[in-house]
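Using numbering that gives the first Met the number 0, the first residue of the sequence shown is number 0, and each one after it goes up by one.
Simulated from the structure, these hints should not be mistaken for laboratory data. C-beta: ideal position from N, C-alpha, C; glycine also. Just so you know, not all the hints are guaranteed correct.
[As the list claims (entries may be wrong)] Distance windows between CB atoms, simulated:
{"no.": "1", "residue 1": "115", "residue 2": "164", "range": "41 to 51 Å"}
{"no.": "2", "residue 1": "183", "residue 2": "110", "range": "18 to 28 Å"}
{"no.": "3", "residue 1": "153", "residue 2": "46", "range": "20 to 30 Å"}
{"no.": "4", "residue 1": "137", "residue 2": "84", "range": "24 to 34 Å"}
{"no.": "5", "residue 1": "150", "residue 2": "50", "range": "35 to 45 Å"}
{"no.": "6", "residue 1": "118", "residue 2": "61", "range": "43 to 53 Å"}
{"no.": "7", "residue 1": "1", "residue 2": "150", "range": "14 to 24 Å"}
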Amino acid sequence: MAYMLARCIAQGRRAGMLAALGFNLGGYVHLTAAVLGLSAILATSSSAFTVVKWLGAGYLIYLGIRAFRSTREPLVIAGDGLTSRHDRTIVWQAFLSDVLNPKVAMFFLALLPQFVSVNAAHATSQILLLGVTVNMIALPTNLVLVCFSARLTEALRRDPRLSQWLQRSMGILFVSLGLRLAVEKA
Numbered sequence: 000m001a002y003m004l005a006r007c008i009a010q011g012r013r014a015g016m017l018a019a020l021g022f023n024l025g026g027y028v029h030l031t032a033a034v035l036g037l038s039a040i041l042a043t044s045s046s047a048f049t050v051v052k053w054l055g056a057g058y059l060i061y062l063g064i065r066a067f068r069s070t071r072e073p074l075v076i077a078g079d080g081l082t083s084r085h086d087r088t089i090v091w092q093a094f095l096s097d098v099l100n101p102k103v104a105m106f107f108l109a110l111l112p113q114f115v116s117v118n119a120a121h122a123t124s125q126i127l128l129l130g131v132t133v134n135m136i137a138l139p140t141n142l143v144l145v146c147f148s149a150r151l152t153e154a155l156r157r158d159p160r161l162s163q164w165l166q167r168s169m170g171i172l173f174v175s176l177g178l179r180l181a182v183e184k185a
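The whole structure should be built from the sequences, with the hints applied where relevant.
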């Protein structure tokens, strides 16, 4: 969520919405992993968890350094201010941030089974339905957050100094989140 809001604050509503879409797509990867039982492997194998954790931390740090070193002009966002290439980059970065976040896998693994009836014939169908429901609720929730944060910070992005500060703050936030993820215990 921090990535999505940082994109929105630094680059506007469209960037935030694209990040929300990327996270939602990543949620379906975690749902697929939960249905296939891969999340259980991640939960029980400390080495698998550690690998995913380090990949996620490294990716967040990479994104943070890129954002911090960015030397763009003021981030005034018009309706068509982002290119399709840039759009894909935002979606892809959000997607990877979600997929490489072991906490999301743990969320799906810990949450969904609690609502599965052990007496039902198709536990997999129940997990699938619950996961789709979670993702369908998360997307509009994230989009509402994006709209509020974009509206709140629209004027800030027009000032070149504030815009650069927002971009660097986003970089520092990502590096901090990556370092925090790297040092957390499983």
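Hints versus structure:
Distance hint check: the CB atoms of residue 115 and residue 164 are about 47 Å apart, consistent with the given range 41 to 51 Å. Checked against the hint of 18 to 28 Å, the pair residue 183 and residue 110 passes, with Cβ atoms roughly 19 Å apart. Judged by the Cβ atoms, the range 20 to 30 Å given for residue 153 and residue 46 is violated: they are separated by roughly 46 Å. About 26 Å separates the C-beta atoms of residue 137 and residue 84, a value consistent with the hinted range of 24 to 34 Å.
The beta-carbon spacing between residue 150 and residue 50, approximately 40 Å, falls within the hinted interval of 35 to 45 Å. Remark: the range hint 43 to 53 Å for residue 118 to residue 61 is upheld by a beta-carbon distance near 47 Å. Between residue 1 and residue 150, the C-beta spacing of about 19 Å keeps the proposed range 14 to 24 Å intact.
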